[in-house]
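Colleague: These are the residues of each chain, in order.
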Amino acid sequence: KAGVTQTPRYLIKTRGQQVTLSCSPISGHRSVSWYQQTPGQGLQFLFEYFSETQRNKGNFPGRFSGRQFSNSRSEMNVSTLELGDSALYLCASSKGADGTGELFFGEGSRLTVL
Amino acid sequence: AQSVTQPDIHITVSEGASLELRCNYSYGATPYLFWYVQSPGQGLQLLLKYFSGDTLVQGIKGFEAEFKRSQSSFNLRKPSVHWSDAAEYFCAVGDLFTGGGNKLTFGTGTQLKVEL
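In order, the protein sequences belong to chains D and B. Numbering of the first sequence is given in my numbering, commencing with residue 11 and proceeding in unit increments. Numbering of the second sequence is given in my numbering, commencing with residue 20 and proceeding in unit increments.
In short, the hints are calculated from the structure, not lab data. Keep in mind the model is a prediction, meaning the values are calculated, not measured. Note that the Cβ used here is the ideal one computed from N, Cα and C, for glycine as well. You may find that some hints are simply not true.
Unchecked claim - Below, simulated SDA-like cross-link-like pairs (lysine to any residue); rule was C-alpha separation at most 20 Å, straight line: (1) B/132 x D/52; (2) D/67 x D/37; (3) B/68 x D/72; (4) B/68 x D/108; (5) D/105 x B/68; (6) D/105 x B/69.
Claimed, not checked - Which chain D residues face chain B? A few, computed with CB under 10 Å, are given here: (7) 18; (8) 27; (9) 43; (10) 47; (11) 52; (12) 65; (13) 89; (14) 106; (15) 113; (16) 115.
Stated by the list, open to error - Now the stretches of chain B that chain D is said to cover, found in silico as 3 or more residues with beta-carbon under 8 Å: (17) 63 to 72; (18) 123 to 134.
Chain B extracted, bound-state conformation (with noise of 0.2 Å):
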């Protein structure tokens, strides 16, 4: 079964600093790989998503994130944070493969803080 890690539950950064979100996923296909961020009372947006091509996928608010075969991550970045980026971070996997549909496994998230 596939399952999703990642490994930082708190990150706290400066606004204006770069940050990097860590993902690590197990699946037995090339995935399908999400990253969704949540603010508080909110649902889910989706940031950006990887299906296939082009490594370095871009996203909106200014994430990107790199897919990494050999390592198995799929780790968000951007350049320079903002205070309004405060939120709770997912990574997910989808199940297309396994004839999973629109079924994602999720990470358990990382809460990222800015310090002004």
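Looking at chain D on its own, in the form it has when it is part of the complex (with noise of 0.2 Å):
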């Protein structure tokens, strides 16, 4: 059973640039959420999609954003790159959203704001 895929894994950027990064779930699962890991913050969640709908906004600027498609695999976007926007970026899925299910993590997508 293949486990989540995150694209790209390492991807280097410029300021003011965007970016896309993309998650495929685990087969089944319809739950999608997105962290950020950063050495000073920690991880933080983005959001969280089910069946295509946001479920649950982190507390993040606009500049962030996601969606999710018909076959549950999800995409974010980061707007107007900062240099502190550099991070970890991990996915998790998961079969529901009733949070008593477990997450599944991705290895992540390394991203530098250069």
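With the hints as a guide, bring the two chains together.
Modeller: Okay, structure coming up:
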């Protein structure tokens, strides 16, 4: 059974550019959550999608957005990149969205903003 | 708002020694609690979770955790540490009761080093 796949694994951007990260959940999982991991702030929740609808959103500026497709694959976009957006972005999938299930994490997309 | 505190940033133990990683939480209701482990360059893997019932929960890789409501704690333990346990460990609380779905609030993590 394939795990959560995130692409790209590594990318380098410059300030002001935008970036799109992709996440393919485990087959049959309908919930996809995104987290930002940095040395200073740790793991912070970005948003969660379930059946193409955003269920929850963390405390991030509007430059951070996401969406989910009918096949449960998800993308997140960060526009007008800032140096502080450099981070490991982790995607997690789960069967449901009731908070009781296990989250399965991908290996992350490491974004460096120069 | 809920929060999680992991007081120990780094812990070093000898292989074969016992381990206890501390976690304290703040949450207005009965919490949903989790421990995750992250190896270098990897995503997070669930070790164990607590929702209700028996306050001592067993997880994978020989780990267990005990929920103590009076102390707002959910400490992770392992009787005998293996070198492969070296990793970063995260305690987290779910936000189910405010409609948070799968939203987790994580602690800052504890980096475990195992001396051979």
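Colleague: Now look at each hint and say whether the structure bears it out.
Modeller: Hints versus structure:
Only pairs whose Cα atoms come within 20 Å are accepted, and residue 132 of chain B paired with residue 52 of chain D is accepted, the gap being roughly 19 Å. Between residue 67 of chain D and residue 37 of chain D, the direct Cα distance comes to roughly 24 Å. Violation of the 20 Å bound is thereby established for this hinted pair. Restraint check for residue 68 of chain B and residue 72 of chain D: not satisfied, since their Cα atoms lie roughly 32 Å apart, outside the 20 Å limit. Our distance criterion of 20 Å between C-alpha atoms is met by residue 68 of chain B and residue 108 of chain D, whose separation comes to about 14 Å.
Only pairs whose Cα atoms come within 20 Å are accepted, and residue 105 of chain D paired with residue 68 of chain B is accepted, the gap being roughly 16 Å. At roughly 18 Å between alpha-carbon atoms, residue 105 of chain D and residue 69 of chain B fall within 20 Å of each other, so this suggested pair holds. Violation of the interface hint for residue 18 of chain D is found here, the shortest Cβ-Cβ separation to chain B being roughly 15 Å, above the 10 Å cut-off. Taken as an interface hint, residue 27 of chain D does not check out: its beta carbon lies about 25 Å from the nearest beta carbon of chain B, beyond 10 Å.
Nearest Cβ of chain B to the Cβ of residue 43 of chain D: about 5 Å, under the 10 Å cut. The hint holds. About 9 Å separates the beta-carbon of residue 47 of chain D from the nearest beta-carbon of chain B, less than 10 Å, and the hint is met. A least Cβ separation of about 5 Å between residue 52 of chain D and chain B falls short of the 10 Å threshold, and the interface hint therefore holds. For residue 65 of chain D, the suggested interface contact is upheld, since its CB lies about 5 Å from the closest CB of chain B, less than 10 Å.
Given hint, residue 89 of chain D at the interface with chain B, is violated; its Cβ is 23 Å from that chain's nearest Cβ, farther than 10 Å. For residue 106 of chain D, the suggested interface contact is upheld, since its CB lies about 8 Å from the closest CB of chain B, less than 10 Å. With a cut of 10 Å, the hint placing residue 113 of chain D at the interface with chain B holds, because the nearest CB-to-CB distance is about 6 Å. At a threshold of 10 Å, the smallest CB-CB gap from residue 115 of chain D to chain B is about 3 Å, leaving the interface hint in force.
Judged by the Cβ-Cβ criterion of 8 Å, the stretch 63 to 72 of chain B is covered by chain D as claimed, because 5 of its residues qualify and three suffice. A stretch counts as covered by a chain when three or more of its residues have a beta carbon under 8 Å from one of that chain; for the stretch 123 to 134 of chain B and chain D the count is 6, and the coverage holds.
Hint compliance for this structure: hints 2, 3, 7, 8, 13 are broken, all remaining hints hold.
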